[in-house]
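**Student:** Chain by chain, the residues:
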Amino acid sequence: MTLNEITQYLSLELSTSQTIEITGINTLKDATTGEISFLSDSKYEKDLENTQATAVILPSSKAHLLPENTIALLSDETYLMVAKLSKIFAKPIQSSTIAPIIGEKSIVYPTAHIENGARLGSGCIIMSGVYIGTDVVLGDNVTLNPNVSVYRDCIIGNNVIVHAGSVVGSDGFGYAHTKMGEHIKLYQNGNVIIEEDVEIGANTTIDCAVFGSTLIKRGSKIDNLIQIGHNCVVGEHCILVSQSGLAGSTTLGRNVVMGGQSATAGHLSIAPFTTLAARSGVTKSITKGGVYSGFPLMEHKLWLKLQAKLAKIL
Amino acid sequence: MTLNEITQYLSLELSTSQTIEITGINTLKDATTGEISFLSDSKYEKDLENTQATAVILPSSKAHLLPENTIALLSDETYLMVAKLSKIFAKPIQSSTIAPIIGEKSIVYPTAHIENGARLGSGCIIMSGVYIGTDVVLGDNVTLNPNVSVYRDCIIGNNVIVHAGSVVGSDGFGYAHTKMGEHIKLYQNGNVIIEEDVEIGANTTIDCAVFGSTLIKRGSKIDNLIQIGHNCVVGEHCILVSQSGLAGSTTLGRNVVMGGQSATAGHLSIAPFTTLAARSGVTKSITKGGVYSGFPLMEHKLWLKLQAKLAKIL
Amino acid sequence: MTLNEITQYLSLELSTSQTIEITGINTLKDATTGEISFLSDSKYEKDLENTQATAVILPSSKAHLLPENTIALLSDETYLMVAKLSKIFAKPIQSSTIAPIIGEKSIVYPTAHIENGARLGSGCIIMSGVYIGTDVVLGDNVTLNPNVSVYRDCIIGNNVIVHAGSVVGSDGFGYAHTKMGEHIKLYQNGNVIIEEDVEIGANTTIDCAVFGSTLIKRGSKIDNLIQIGHNCVVGEHCILVSQSGLAGSTTLGRNVVMGGQSATAGHLSIAPFTTLAARSGVTKSITKGGVYSGFPLMEHKLWLKLQAKLAKIL
Chain B
19 MTLNEITQYL SLELSTSQTI EITGINTLKD ATTGEISFLS DSKYEKDLEN TQATAVILPS
79 SKAHLLPENT IALLSDETYL MVAKLSKIFA KPIQSSTIAP IIGEKSIVYP TAHIENGARL
139 GSGCIIMSGV YIGTDVVLGD NVTLNPNVSV YRDCIIGNNV IVHAGSVVGS DGFGYAHTKM
199 GEHIKLYQNG NVIIEEDVEI GANTTIDCAV FGSTLIKRGS KIDNLIQIGH NCVVGEHCIL
259 VSQSGLAGST TLGRNVVMGG QSATAGHLSI APFTTLAARS GVTKSITKGG VYSGFPLMEH
319 KLWLKLQAKL AKIL
Chain R
19 MTLNEITQYL SLELSTSQTI EITGINTLKD ATTGEISFLS DSKYEKDLEN TQATAVILPS
79 SKAHLLPENT IALLSDETYL MVAKLSKIFA KPIQSSTIAP IIGEKSIVYP TAHIENGARL
139 GSGCIIMSGV YIGTDVVLGD NVTLNPNVSV YRDCIIGNNV IVHAGSVVGS DGFGYAHTKM
199 GEHIKLYQNG NVIIEEDVEI GANTTIDCAV FGSTLIKRGS KIDNLIQIGH NCVVGEHCIL
259 VSQSGLAGST TLGRNVVMGG QSATAGHLSI APFTTLAARS GVTKSITKGG VYSGFPLMEH
319 KLWLKLQAKL AKIL
Chain E
19 MTLNEITQYL SLELSTSQTI EITGINTLKD ATTGEISFLS DSKYEKDLEN TQATAVILPS
79 SKAHLLPENT IALLSDETYL MVAKLSKIFA KPIQSSTIAP IIGEKSIVYP TAHIENGARL
139 GSGCIIMSGV YIGTDVVLGD NVTLNPNVSV YRDCIIGNNV IVHAGSVVGS DGFGYAHTKM
199 GEHIKLYQNG NVIIEEDVEI GANTTIDCAV FGSTLIKRGS KIDNLIQIGH NCVVGEHCIL
259 VSQSGLAGST TLGRNVVMGG QSATAGHLSI APFTTLAARS GVTKSITKGG VYSGFPLMEH
319 KLWLKLQAKL AKIL
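For the record, the sequence lines run as chains B, R and E. Following the working numbering, the numbering of the first sequence begins with 19 at its first residue and continues without gaps. Following the working numbering, the numbering of the second sequence begins with 19 at its first residue and continues without gaps. Following the working numbering, the numbering of the third sequence begins with 19 at its first residue and continues without gaps.
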């Protein structure tokens, strides 16, 4: 699609009459020549000066921060423009013509469905009703229990076990909002990467990234009915107990333990070796490992003290 | 089934010796001639006088409120009678002999299962492992990701996306209770209607209505692992974040936002443009839009103040 | 596998040079001759003197409590040894050559997958995408809705209904931990037993037992998106409302009601006829039936009083 067609579609002005082919949309940091990018959060202003994007959608007040040859597409509703544009560059469900490659000694049940472009290592067990999307890569000895769904482009490492009904790579929950109160889907471009020796319980959901990857690092163990939002990073050897949840873009350090029904807000960073008691709710980043409880969150010792005091006011 | 057979089955007395064919069971308001209805909650007493039902199960103290020609079936355990009767009129899983109709340019994966009587619009994508029940109606451009299950009679509008593993139309959680502490299933007669431009995340569950419809209005966006109980109404352009839940018969106005792990009790009404913070718990109807937090629920400002005060008592 | 091979694999010392065949691993109480057992929790010390196990892994300080002919395998990391050993005795996904037996008038959809060794009663409905594992036993009139997964060895009684997407018998969440912070999977040996007249909602997960059985007793009704951990016992006629959760090894007495999003810690016992309000969190056993609320849990009356007092400090 040409930049001219894009600006017409978005009703934006274009300062050049050249025919420029645009191949995709990406973050300021990761965009390459031929891609379009955007500034929707001032946090990323610092990425403007070095972006390789061919064109950037941004507010007029920020246009002077762009490299000289980068085309500025001015808008006060950047995020909405990106959402509208994301539909055009959304990856189709099927886009490969290469028959899937199945490693030796791997077992695929007859009702499993493996899309073209997928590559499976050796010794995998792909049980009934499993779905493996386009260009998914599985290592060796991966077990996908019945009715697991893995969306396109996801990467799953050696010895990973995913229990029945879990979903890897479903769309993150991202929308831009119009002035009329409608929500415009931001098509999710990224994937999920699950490193080796991870185990994932039943009916858990791990969303793909908007751009880039949601990442579950090696050795982490994730229980049933857990939600992991887009662009999260779960560190090595974390333990997430049932019904806990991570909102988008939160990072857990290594060996973080999340108790049952605990949760974090989005865009946080949790220090390594942090333990979150059952049902704790994290709304700010945690910089120092320790044991925390409650909502709002506090040191577990303080929480116990608070509950003792509350019992006394009765 | 005749009314005589029904009263024998339920051990109720019948005041007429006429042979009267009963075709179904329904609410006082929606019942038509040939149907049986019931009064199990005094809230619906006002519907007695205009009911079109042929017979009504109700306590003897309310029989005088019935229209002259309506047959009264007297019972002090109305709800239990209805539950027992509901089994007889439960809709079978398969009840159509009309081959499913698939609109043009729709793609159906080979391991999807579509029951007779279903009708799909054009441009739909029905991925592997999807189940579409009897008489389900899908609009155009509906995407059902892998292993989605849609129970019988549900209606899904144009451009709806349902992510992997979600369930639309599972039985609502309704039982009558015997004096011995047993629970008798109230077979769920209704369906789910999802209007256009709705997106539903992964492994979410939306129960069908007991009678009538559970309704998700146009433009609403529903995240992963969410529970929506029977007979709920989700207004236009609502946002429900992961792991939140709606108990049965609750109505959300338009543009309600429910944060992660928040929930409402049943039979409530939430005003349009209400925002419920993460993990808030609603036990009373909300008549005025605003931002609310906590359990019990309070204005978000008050909740912040309360937490500050609690921090001081330590 | 011989005891000699096992001790070499675990780097433990063996006091006998006899060739002893070991056929499995089990609890002190349930182990029979030819099996290996372990003491990893002092709570089970009392089971040492009567164990029928051929060999027991335990700390040296407890070796004197063993019966005279039982072989002691000394280790200070008993649980880690058991985890490592559990992999060797893990039951394979497919281990029967007996074609499944399907009772008369049972319906099996073509995309359902039933492993060898499974036995289904009469009048069952096994819908599309259902998975039934090796040696599973189903009673009569069992309905498994689309995309339900039942792992090997589970037993499901007459008239049970399981709604779409639910998982019965997935691995419990059990790991031993190394000094390096890694988690070693304890392969789950047991099963799930669901007695007659139970109904299970959509996308609920019930984990199998480590050893023995997770048990759902007759007449219990379990809603959507619920987690039941390994080795739990749910008593007769319990009601578990959506998004509630039971951590491992907790026992509910009969007619316990758990409100929406409520939860219990593990290894607790909840008295019969206890009602837990929505979102209550139980951390200690409940010895007397009643209505409880809050987290930490208290009598519901006290909780209401506490909330009233808290409202006043504002």
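No lab work stands behind these hints: they were computed from the structure. Bear in mind that the values here come from a model prediction, so they are computed numbers and not experimental data. Ideal Cβ positions, reconstructed from N, Cα and C, are used throughout, including at glycine. There's no promise every hint is true.
Label-pair ranges, simulated between beta-carbon atoms [said to hold, decoys possible]:
no. : chain 1 : residue 1 : chain 2 : residue 2 : range
1   : E       : 314       : B       : 60        : 35 to 45 Å
2   : R       : 123       : E       : 307       : 51 to 61 Å
3   : E       : 116       : R       : 61        : 49 to 59 Å
4   : E       : 27        : B       : 319       : 56 to 66 Å
5   : R       : 60        : B       : 329       : 35 to 45 Å
6   : B       : 198       : R       : 196       : 44 to 54 Å
**Student:** Do the beta carbons of residue 27(E) and residue 319(B) sit within 56 to 66 Å of each other?
**Tutor:** Between residue 27(E) and residue 319(B), where Cβ atoms are some 42 Å apart, the hint is violated.
**Student:** Are residue 123(R) and residue 307(E) spaced within 51 to 61 Å by their CB atoms?
**Tutor:** With Cβ atoms ~60 Å apart, the hint holds.
**Student:** Check the following: the C-beta atoms of residue 60(R) and residue 329(B) are separated by a distance inside 35 to 45 Å.
**Tutor:** holds (39 Å)
**Student:** Could you check the hint for me, namely that residue 116(E) and residue 61(R) are 49 to 59 Å apart, CB to CB?
**Tutor:** holds (56 Å)
**Student:** Can you let me know if the beta-carbon spacing of residue 198(B) and residue 196(R) is within 44 to 54 Å?
**Tutor:** holds (51 Å)
**Student:** Could you see if the CB distance from residue 314(E) to residue 60(B) stays within 35 to 45 Å?
**Tutor:** Holds: the Cβ-Cβ distance is about 42 Å, inside 35 to 45 Å.
In summary, the one numbered hint that this structure violates is 4.
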